[in-house]
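Residue numbers (my numbering), protein chains in the order written: chain A, 1 to 237; chain B, 1001 to 1313.
Calculated directly from the structure, the hints in this document are not laboratory data. Treat the hints loosely; a few may be bogus.
Said to hold, decoys possible - Short, incomplete list of chain A residues facing chain B, as computed with Cβ under 7 Å:
| no. | residue |
| --- | --- |
| 1 | VAL13 |
| 2 | ASN16 |
| 3 | LYS28 |
| 4 | ALA65 |
| 5 | LEU98 |
| 6 | THR101 |
| 7 | LEU104 |
| 8 | ALA106 |
| 9 | VAL108 |
Glycine is no exception: its CB is placed at the ideal position from the N, C-alpha and C atoms.
Okay, here's what each chain looks like letter by letter:
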Amino acid sequence: MIAPALLDNLIKVLINLILATAAIIIVKRDVLSLVSTYSIQSLLLVFVASVLYMENANVMLLYLALLTLVSKAMIIPHFMERIQKKLNIKRDVEFHYLSPTSALFASVFIILVVYFFLFRILGELSLSNVFFLGATVGVSLTFMGMLIIFSRKQTITNIVGYLTMENGVLLFGLFLTELPLIIEALIVIDLIMLTLLATILAFGINSSIEEFHARLNPFKRFAAFKSRLLNNEGEDE
Amino acid sequence: MNAFVQYSVLNVLFAVLVSPLFMSLIKKVKALAQGRKGPSLFQMYYNLWKLLKKEVIYSSNSSWIMRVTPYVNITVMAVAALFVPLILIPQPVYGIGNIILFLYLLSLAKFFMALSGLDAGSAFGGMGSSREMTISALIETITIVVFAALAFALKTTNLHEMFLQILESNMLFLNPVLILISISVFIVLIVETARVPVDNPETHLELTMIHEAMILEQSGKNLALMEWSHAIKQLLFMGILINILFPWGIAVALTQYSIVVSMLAFLVKASVLAVAVGLFESSCAKSRLFHLPSLFTIALFFSVITILIEVFA
Chain A
1 MIAPALLDNL
11 IKVLINLILA
21 TAAIIIVKRD
31 VLSLVSTYSI
41 QSLLLVFVAS
51 VLYMENANVM
61 LLYLALLTLV
71 SKAMIIPHFM
81 ERIQKKLNIK
91 RDVEFHYLSP
101 TSALFASVFI
111 ILVVYFFLFR
121 ILGELSLSNV
131 FFLGATVGVS
141 LTFMGMLIIF
151 SRKQTITNIV
161 GYLTMENGVL
171 LFGLFLTELP
181 LIIEALIVID
191 LIMLTLLATI
201 LAFGINSSIE
211 EFHARLNPFK
221 RFAAFKSRLL
231 NNEGEDE
Chain B
1001 MNAFVQYSVL
1011 NVLFAVLVSP
1021 LFMSLIKKVK
1031 ALAQGRKGPS
1041 LFQMYYNLWK
1051 LLKKEVIYSS
1061 NSSWIMRVTP
1071 YVNITVMAVA
1081 ALFVPLILIP
1091 QPVYGIGNII
1101 LFLYLLSLAK
1111 FFMALSGLDA
1121 GSAFGGMGSS
1131 REMTISALIE
1141 TITIVVFAAL
1151 AFALKTTNLH
1161 EMFLQILESN
1171 MLFLNPVLIL
1181 ISISVFIVLI
1191 VETARVPVDN
1201 PETHLELTMI
1211 HEAMILEQSG
1221 KNLALMEWSH
1231 AIKQLLFMGI
1241 LINILFPWGI
1251 AVALTQYSIV
1261 VSMLAFLVKA
1271 SVLAVAVGLF
1281 ESSCAKSRLF
1291 HLPSLFTIAL
1301 FFSVITILIE
1311 VFA
């Protein structure tokens, strides 16, 4: 059995690293490394959930970890990479309202404010330090995701921002509320649908009308085949 | 007092003798990453030896600053080497190791270097000095916040006491604060030693050089001293990072056995770090001067977060 103090420290380290990945997502300009940073962030969340499982032995946490591992650390980044390859956008260098530097300053401010309000709200619950830190970082991560969405111009980075927001919700849920597995699963399905839709749109945007026709061709052939089949039936009679 | 003299001689000599090795090691790693064979590990020693035998030539426009700067630099770095225990943490700290004085010593060296860049009246030197000052104006505040966070986390401003504290607490890799700070210290290391995303140590291109531009007018012995002091500066920052992240192996008592072990341990740890720096340098391109603040802000972000965590959690 591992000592609880050690586990607490481990969780703190993981939470800090999650914050670090969020900071990197805010300043990075290279789309592929944005996606891989996101998948590292999800992997860290998996570790957090597993360490919490070691502490609490709540099977739900294990399921959450598995779900996150499969969906957010593997499937979604894979789709994102496909979108990136298809759209051929390598870098996102346009920012509005906030430069990455000021976005980082803003996120420090956000963390402070979140801490202050959470302290006002949850101060009476007398949570342990680690849980409070986790909740604070979770909410801050949600806001940092929002910061990414509104300071970037490329859609693909906005999606990464949205995914970061969801990671924040998951982190908050892990530490503060008993986030029911069914809700988390629904959110994950939402996210996968979002990336899928984005993939479909990305593929659609880049193709010309001729290509669409070419893609419709199989159906045409199918229709021809069907009509021939019907005609044959008619001849038989 | 005798022990203090022993410590000083040991630490400073070690820093002076070993520092060029890591300059060449980083060069070698970068060369290997690019598929080249790279220089020998002792190339920097050969360079220094060659330069030390050469004649010093001063520009006719230059003043005493040009003549004094190399000696100021090497002296300051030798004094600063007292502040960062590399192979031995002396038990009573003998009143050295104050972190603020350490930072001031480094900026003194930098100040003289920038002045000597201006002194010869060459356009490149002035450009290098101006860039160096711009960058250091940005990074110094961040360096101070980083070390303030370290001081806040460990409740002391003395580097020796800090390292002793880390060594004694058996929080193997698991102190969240130290991990955050070491990210910041790594960025400071990259910036202060003029490495790739900030400056390119290899080029003599007028568009990119910063550190090289300032020492362009130095020659012979003086150039050797400037390069040597740069190498010592790098070793000191590496020493700080190593002592924060992985101090195990450093001697706390002055016995022959422990000193030898600690020297070997330091060489191994510093080589690992040098390889990491070389790989980091190979993995990114030099960024534009106006993009640098985002790198600096990451360091600032982590140190501010460290302080927040220390205050609240």
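Results of checking the hints against the structure:
This hint holds: VAL13 (chain A) has a C-beta 5 Å from the nearest C-beta of chain B, less than the 7 Å allowed. For ASN16 (chain A), the shortest C-beta to C-beta distance to chain B is roughly 5 Å, which falls under 7 Å, so the interface hint holds. A least Cβ separation of about 9 Å between LYS28 (chain A) and chain B goes past the 7 Å threshold, and the interface hint is therefore violated. Annotation: interface hint on ALA65 (chain A) violated; nearest CB of chain B at approximately 20 Å, more than 7 Å.
Annotation: LEU98 (chain A) was flagged as interfacial toward chain B, and the flag is violated, the nearest CB pair being 12 Å apart, outside 7 Å. With a least beta-carbon distance of about 5 Å to chain B, the hint placing THR101 (chain A) at the interface is held under the 7 Å criterion. The criterion of a C-beta within 7 Å of any C-beta in chain B is met by LEU104 (chain A), whose closest approach is roughly 5 Å, and the hint holds. The interface hint given for ALA106 (chain A) is violated, since its Cβ lies 11 Å from the closest Cβ of chain B, which is over the 7 Å cut-off.
At a threshold of 7 Å, the smallest CB-CB gap from VAL108 (chain A) to chain B is about 5 Å, leaving the interface hint in force.
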